[in-house]
Amino acid sequence: MRIVVAMKAVPDLVEEIELTPDETGIDREYLKFVLNEWDDQALEEALLVKDATGAEVVAVGLADDPDMEQALYTAIAKGADGAVKLTGGGLDTHARAAAFAAYLAQEPADLVITGVQAPDDLDGQLAPMLAARLGQRHVSVVVGVTVQDGNLVVRQEFSGGRSHELQLPTPAVIGLQASRETPRYAPITRIRQAMQAGGLQEATVDAGAEASGLTVRRMYRPEATGHAEMFSGDTEEVAGKIIELLRERGIVKA
Amino acid sequence: MSNDVLVLAEHVGGQISESTYELLGKAKELAAAWGGKAEVALFGPAELASWLDGADTVVSIDHPALADYTCEGYETALRSVLAERSPRLVLLSNATVGLDLGAALSVLWDAPLAAYVGGLWAHGDSLVATCQVMGGKIMAEVELTAERAVCTVLAGAFPAAHGQEASHHHEVVSAAAPEALETLQTNLARVIEPEGGDVNITDADLLVSVGRGIDSQDNLELVQELADTLGVPLSASRPIIDSGWLPKTRQVGKSGLKVKPKAYLAFGISGAPEHLEGMRDAELIIACNTDENAPIFEVAHYGTTEDLFDLVPTLVDKIKE
Ligand SMILES: Cc1cc2nc3c(=O)[nH]c(=O)nc-3n(C[C@H](O)[C@H](O)[C@H](O)COP(=O)(O)OP(=O)(O)OC[C@H]3O[C@@H](n4cnc5c(N)ncnc54)[C@H](O)[C@@H]3O)c2cc1C
Ligand SMILES: Nc1ncnc2c1ncn2[C@@H]1O[C@H](COP(=O)(O)O)[C@@H](O)[C@H]1O
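Protein chains in written order, with my numbering: chain A, 1 to 254; chain B, 1001 to 1321.
Just to be clear, a hint being listed does not mean it is correct.
One-sided excerpt, in silico: chain A residues whose CB lies under 7 angstroms from chain B [stated by the list, open to error]: (1) Ala239; (2) Ile242; (3) Lys253.
Chain A stretches covered by chain B per the calculated footprint, using a threshold of three residues with CB under 8 angstroms from any CB of chain B [as the list claims (entries may be wrong)]: (4) 54 to 63; (5) 108 to 119; (6) 130 to 138; (7) 148 to 160; (8) 229 to 238.
To be clear, the hints were calculated from the coordinates, so they are not data collected in a lab.
For glycine and all other residues, C-beta sits at the position ideal for the given N, C-alpha and C.
With the rest of the complex left out, here is chain A (with noise of 0.2 angstroms):
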């Protein structure tokens, strides 16, 4: 079984996020780029299926995101088998999606699983428009992929922590909510033999889609008018307006 696990550096959100001068879009010139938390969370499943099966692990991210050669030679410093980077993708999730497809056309994996979203961007998640390019199934929201009799046993969970299990054959793409156990972890040593042993794949593709009928009017940060507002002062006063509100409210008594 062959599977591709799909990349993405996304903003740091941690960091200040600055709007261009016409605040139509995000200034990314001085954004820390990191990888999307949910891709990480997605190769490491990718992993547990080839601890359990010995399927072969394929990290693909587009060449144009920042620092995409670490997330990828980390990728094969964890024990994924091959990376590729890959030219021909946009910014947009469509136009990711329609590169991603094209790799896969030339490339076809049985399993392809991507973090359930990325939270940068608002056209959506890659993996439903993948598979719809595709022509594949897909689920998303899943918290764990199993390989039985050759079919995806997968976990798709819903609000309030109700969740289904679903079987079903592969191809598919599925977008990962959480792995089942915690990404493992590639020390700093592995990683750097991985970046000096080199090797990373390079691919191109030819697929410029840009999602189309949808204009950004403006950015802005929300309306501070539902803002906290913010304790002055040292951390023991802090503390202190902290247990007077709970007392007042008679919350907490004494």
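The hints should help you fit chain B with the ligands onto chain A, whose structure is shown.
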């Protein structure tokens, strides 16, 4: 193309979900503005249509393969309804069903998609939506100019009441089940209900809640001590549960539990939309987060950018005094 707005109904255990009514209310408003109808696609038991008399038209496909939700079954049925009725806009909830179907429809039905929608209004012939991007730190106001569109809408974005008011020209149309439903490859093996908890966090008057700011499992002791000192349960954001540091029964949010305590203390929680969905109705929210731009401060009543590793022990000491 029509001027109709179509909502996909969701139901569990024979109950139409609250989000369906929220979407239907908005669909009625938009349909009125465009001179179209508010329609609901209802898959599964046709008798549930009686709970949807707020719709002008309920398009029902009753087929055994649709008794419970599966992506493949619903996608097949929804595509046949769209081919038949050509609505101007499809509204889905931005939860599992919307995450499954929204982006797929955007490709298969060739329509732009706006996800994480919190606001939606007609602007002449076109449609304007506000979406949360960057994990809720930034809002994007987008115009959907194509002749059709798909939106996945956040829970609680619109009131449910309007969707529950009976429509004057309510009709139920039974649509033919597409043949492809006979040959679906996805098999629902079992439905897993949430396990009962060691504690029920939805019963608590006060919750001490912790997020990824706590950094490691060892540090959890710190907030556990605060919770113990206050005599209340410890709850958490999803990553803490996914890491296996606390049981699933302690998870607050979209895929966890909705809580409405008298007070909610959030330590090291950024306030992603999925988390806010589970706690925004708490009577008093106090948030501690070192990032002054964290979205949690948009819903919190009080906030502090103190480091939780300083604040939590101080709180414990002061309460013990
Ligand atoms: C379908 C779906 C369902 C989901 N369901 C849920 C759900 O039910 N519940 C849920 O919570 N999430 C859910 N999520 C995940 C959600 O999108 C976020 O990833 C998650 O809520 C983030 O958790 P967090 O705030 O703890 O972590 P982060 O977003 O990483 O935030 C950590 C915060 O801690 C702050 N911090 C760091 N150090 C300190 C310090 N020393 N002192 C104070 N603050 C500090 C940082 O500034 C940061 O804001 C779901 C996602 C999807 C796609
Ligand atoms: N929205 C709904 N969709 C389907 N069935 C419902 C709905 N609301 C109520 N019911 C059914 O009617 C019963 C009584 O509900 P209620 O009238 O809300 O107290 C419930 O136990 C359900 O079986």
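So, going through the hints one by one against the coordinates:
| no. | hint | verdict |
| --- | --- | --- |
| 1 | Ala239 | 4 angstroms, holds |
| 2 | Ile242 | 6 angstroms, holds |
| 3 | Lys253 | 9 angstroms, violated |
| 4 | 54 to 63 | violated (count 0) |
| 5 | 108 to 119 | holds (count 3) |
| 6 | 130 to 138 | holds (count 5) |
| 7 | 148 to 160 | holds (count 7) |
| 8 | 229 to 238 | holds (count 6) |
In summary, the numbered hints that this structure violates are 3 and 4.
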